[in-house]
Amino acid sequence: MDELLRISHLRYRYGTREEPTLRDVSFTLGAGEMVLLAGKSGSGKSTLLQAVSGILRTNGRGLLEGEIRLDGQDVVGWAPEQIGLLVGTVYQTPDDQLFAMTAYDEVAFALENRGLPEEIISRRVEETLVRVGLGGLGARGIHTLSGGQRQRLALASVLVTDPKLLLLDEPVSQMNPQGARDFLQLLRQLNRERGLTILLIEHRVHELAGYFRRILLLREGSVCYDGSLQGLWKRPDLSSRAGLRIPACVRLCRALGLPRCTEGDAEMAALIRQYCRIDPAMPAPEPRQGTGPVRVEARGLCYRYDGAETDTLRQVGFQLRGGEITALMGCNGAGKSTLLNLLGGVTMPERGSLTLDGAPWQDRLEAVGYMRQEADLMLLTDTVRNEFFWNNRILREETFRQMTEQMDLAPYRDDFPLALSKGQRLRVVLGAILARKPEVLLLDEPTTGQDLESLDAIRSLLRAYARGGGCVFFCTHDVELASALADRVLLLSGGQTLADGEAHRVC
Amino acid sequence: MSMRQLWEGNDSAPWIRHVTGETKLLVLLSYSVWTLAIDNPETLFYLFAGTLGLHLVARTSRSKWYVLAILLLLGLWGSMFSQALFYTQTPRTPVLVLIRPDMPVLGRLTEGLFVYREGILYGAVQGLRSAGMLSLGLLVCWTSDPRQLLQALLRWRLPAQIAFMLVTAIRFLPVLAAEAGEVLLVLQLRSGSRRGRRAVLRHLPYVIQPLLTRCLRRAQTLALSVTSRGFFLARGQRKQAPLPRSERILCLACLAVTGGVVVSKILYVLSEQGFYWGAFRQIYDGAKLYL
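Chains A and B supply the protein sequences, listed in that same order. In case it helps, the numbering used here puts the first sequence at residues 1 to 507. In case it helps, the numbering used here puts the second sequence at residues 508 to 798.
Don't take each hint at face value.
Pair by pair, the computed Cβ-Cβ distance ranges are [as the list claims (entries may be wrong)]:
| no. | chain 1 | residue 1 | chain 2 | residue 2 | range |
| --- | --- | --- | --- | --- | --- |
| 1 | A | S122 | B | L719 | 32 to 42 Å |
| 2 | A | A270 | B | S700 | 52 to 62 Å |
| 3 | A | S122 | B | A763 | 35 to 45 Å |
| 4 | A | S122 | B | V574 | 53 to 63 Å |
| 5 | A | L63 | B | W572 | 53 to 63 Å |
| 6 | A | S228 | B | V574 | 35 to 45 Å |
| 7 | A | N386 | B | S700 | 10 to 20 Å |
| 8 | A | R393 | B | L536 | 48 to 58 Å |
| 9 | A | R393 | B | R662 | 50 to 60 Å |
| 10 | B | R724 | A | G333 | 21 to 31 Å |
Residues on chain A that point at chain B, a partial pick, calculated with CB under 7 Å [to be verified]:
| no. | residue |
| --- | --- |
| 11 | G84 |
| 12 | Q97 |
| 13 | L377 |
| 14 | L418 |
| 15 | A419 |
Keep in mind the hints are simulated off the structure, nothing from the lab. Note that the structure is a prediction, hence the values are computed from the model and not measured. Every residue, glycine too, gets a C-beta built ideally from N, C-alpha and C.
Looking at chain A on its own, in the form it has when it is part of the complex (with noise of 0.2 Å):
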C-alpha cells in the first residue's frame, strides 16, 4: 500500500497555552485505508485534523513542529487552499459549512473555483450527488434537506474535486444512530469502490467499531495505541484511559472470561454457547421500578402539527413516580420531540390531560427543567456563576459552591461557558436547570456527543437528582445508556405507546 500521508513527530502548542496540545505525535496512512482516530475529549484530535488541513499555521500564534508529508509532499509551510486541493474536509455541523442556496450549487461551488467549463461541473455535480445518495435533489434548498443529507451533501461539496484525502471531524455526532449507520455505510463505500483514503475522528467508537479495521488512540497529545480495534478490546485499561466507551458486547465478553472480545452478537451467542454454561434457574435482576407516589400523570395526550393530517401523538398516556428516571425511546419521528414539547410547556396538546401532583400542567410550568438538545442555545452569560444565578432567586452561593464541586465546575466558575468542552457546557446547563429545584427535569438527547468521562458525570448528577425525589425523562436514542440509568421505559411508534414497563424488560 503506498503511503499517503506521513506525520512524523508533530509537535503543537496554541500560543494561549503553556502546555502544548500536540506532543509527539508520529503515524503514517496508506493510500485507500479508512482509519479512526479517537481520544477523549482535549486530548488534540481537532488540532491533529487542524494541524493536516493547513489551518493551525494560519489559525493564531501557535508553535508546529514536524513533519507532514502529505502525498510525498512537505506541506507544514502550505497554505489552506493549497492543501484543499489534495484534502477534502468535512465539520461536525452541516449547516455551518454550506454556503449556497441548492445542493446543486454547494457542490459547484469548488469546481467553479478552479475555472472549469459549466458542461464539465454539471456532470462531475450530478454523478457526485448520485454517488452520495443526493441524485434528483440537485434543486432542492438546502435547509429542506435533513440533518443526514445535509451531512452527505458536505461530503460531496468536497467530494466534488476527488481529493486524495478525506478528513472527517466527528462527522456523524449529531445524527441519529440510524442516520449514522447510513453515512458510515456511505463512506466505507467510498472507500472500497474508489479506493478513497479516509481519516474520521470520533469518540464514539463503540457505534463505529463494525467500519473500521484501524483505530489511532490519542491521549493528551500523543498516540497511545495505533492498531486494530480487537487489539484495543484486549487493553482494558487503556481504552478506559482514553475515554473510550466500550461496545456492550466487548464488556460482556470481558465479563464472561471469553477467551476473545467480539463486536458482533451472533459471534457473541456462539462464544457464550461453547465457553458458558448458562444456568435456567438462575433468578431474572431485580426490577428498578420507583416506588415513589405519583407524580406526574398524563391521559390521552394528542397532538397534530399545522397542515398535518394526522396527530403527531395519538392517545398517549403514562405516569411517572417521584424519584424515577423514564427514558423516552422510539424511532425518529415517533413523537418523542413532541411529547417532551408538550411537557416542557412549548406547546399545548389539543386533547387530553397532563396533571402534576394533581395540579394542571399549565399552572405549574415553573416545576418543570427542560434541557433541549441542543445545549449550547441554553448557555445565555458570560460566565459559568452567572449561568447558575441567571433570574434564579433561590440558589444560594454555598449551594453553588458545592454543585460545582459536585459537577467538576469548580474551576471554571468564573470561564466563559462556551469556552469550556462539550461536556462541561453541557453540564453548566444541567446545573443551571438542576439549580432552580424543578420537580420535572424533561432532557432531550442529554448524552449525544458526549465523551465517556462527561456521560458518567451525567449519569451521576441524574441519579442524585432522582434520589431527592424528582421525575427524570429523557429523550435517547441510545439503548444501551436507557437500560444502564433508566428505571423504565416508555417506547413510541407512530405517536402512540408501543411500550411502558420496566428497563430491561422493554430494552
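Go by the hints and put chain B onto chain A.
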C-alpha cells in the same frame, strides 16, 4: 413556515432568482442614490411603491409579506411620529396640542408638546427613504443565492476577504433567525416565574450574546470550509460569464437614470445658489417638480 424558511430565498419566482448578483446589486445601489437625491414625497412614494410591485412580481410569499409589512410600518410610523413631535425647523405648523405650555409642571418642563404638520411630512420623506431601501434590500436578500452576490462583488474587484464577510451576513440570516427563536424559547424555559415563561420582550436583551457567539464560531467554520474548497485561491481561474443582454440594458438604464438624477439635482441646487443657466430651464423645472 419556519423562521429559517422565512429568511431563505428559494421560494420566490425563478426569473428573479436567475437575475445575476451584479444586476441586483447595481439596481440596489442605484436605488439608494435615487432615494438620497430625491426629496419629493410623491416621487419617493412611487419609488417605494415600485419596490412593492417588484415583490409582487417576484411572488414574495405571504409570510414574507407579513414580515415586510411589520418592518415597513414600524419604520414609517417611528420616523413620522418622532419627526412630528420633535421637528425643530421653521416654519412649523402645530396641528395638535398634546401638552399645553401653560399646563402645570409638564407644560413648564416641556414648553408644550405639539404635533407639527411639517414634521409629519419630513418624517414621511425620511420614512419612505428607509422603507424603500428596506423593501428592495429584503427583495435582493430573499431572492439571491449568497454565491451569486459573492461573484458579483468579486467581479467588481472587491478583495475576496471583504466580499466573503459581506455575503456571510446574508448566508447566516436564515440560520440566525431560526436560532433567535430557539434562544427566545430557552429564555422562557429558564425563567423561574409563570410570567417569564410567556414573556418575549423582557427576554430580548439576552438573545444577542448567545447568537453572536455562535455566529462567530459558524463564520470561522464557514471560512475554513470555503478556503479549503479553493475560494481564495481561485480568483484568476473563476469563470466569469458575460451579463445577459436584458440585464446589460437594465444596468445601463439604471446608470443613466442615476446619472440624470444626480446631475439634475446638482444643477437645481446650483440654480438656487444663483448659478442659473437658461438653457437648463427644463431640467430646473423637472427637478423642482419631481426631485
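Status of the hints after comparison with the structure:
no. : hint                          : in the structure
1   : S122(A) x L719(B): 32 to 42 Å : 39 Å, holds
2   : A270(A) x S700(B): 52 to 62 Å : 60 Å, holds
3   : S122(A) x A763(B): 35 to 45 Å : 36 Å, holds
4   : S122(A) x V574(B): 53 to 63 Å : 35 Å, violated
5   : L63(A) x W572(B): 53 to 63 Å  : 56 Å, holds
6   : S228(A) x V574(B): 35 to 45 Å : 56 Å, violated
7   : N386(A) x S700(B): 10 to 20 Å : 19 Å, holds
8   : R393(A) x L536(B): 48 to 58 Å : 53 Å, holds
9   : R393(A) x R662(B): 50 to 60 Å : 58 Å, holds
10  : R724(B) x G333(A): 21 to 31 Å : 30 Å, holds
11  : G84                           : 4 Å, holds
12  : Q97                           : 4 Å, holds
13  : L377                          : 5 Å, holds
14  : L418                          : 5 Å, holds
15  : A419                          : 9 Å, violated
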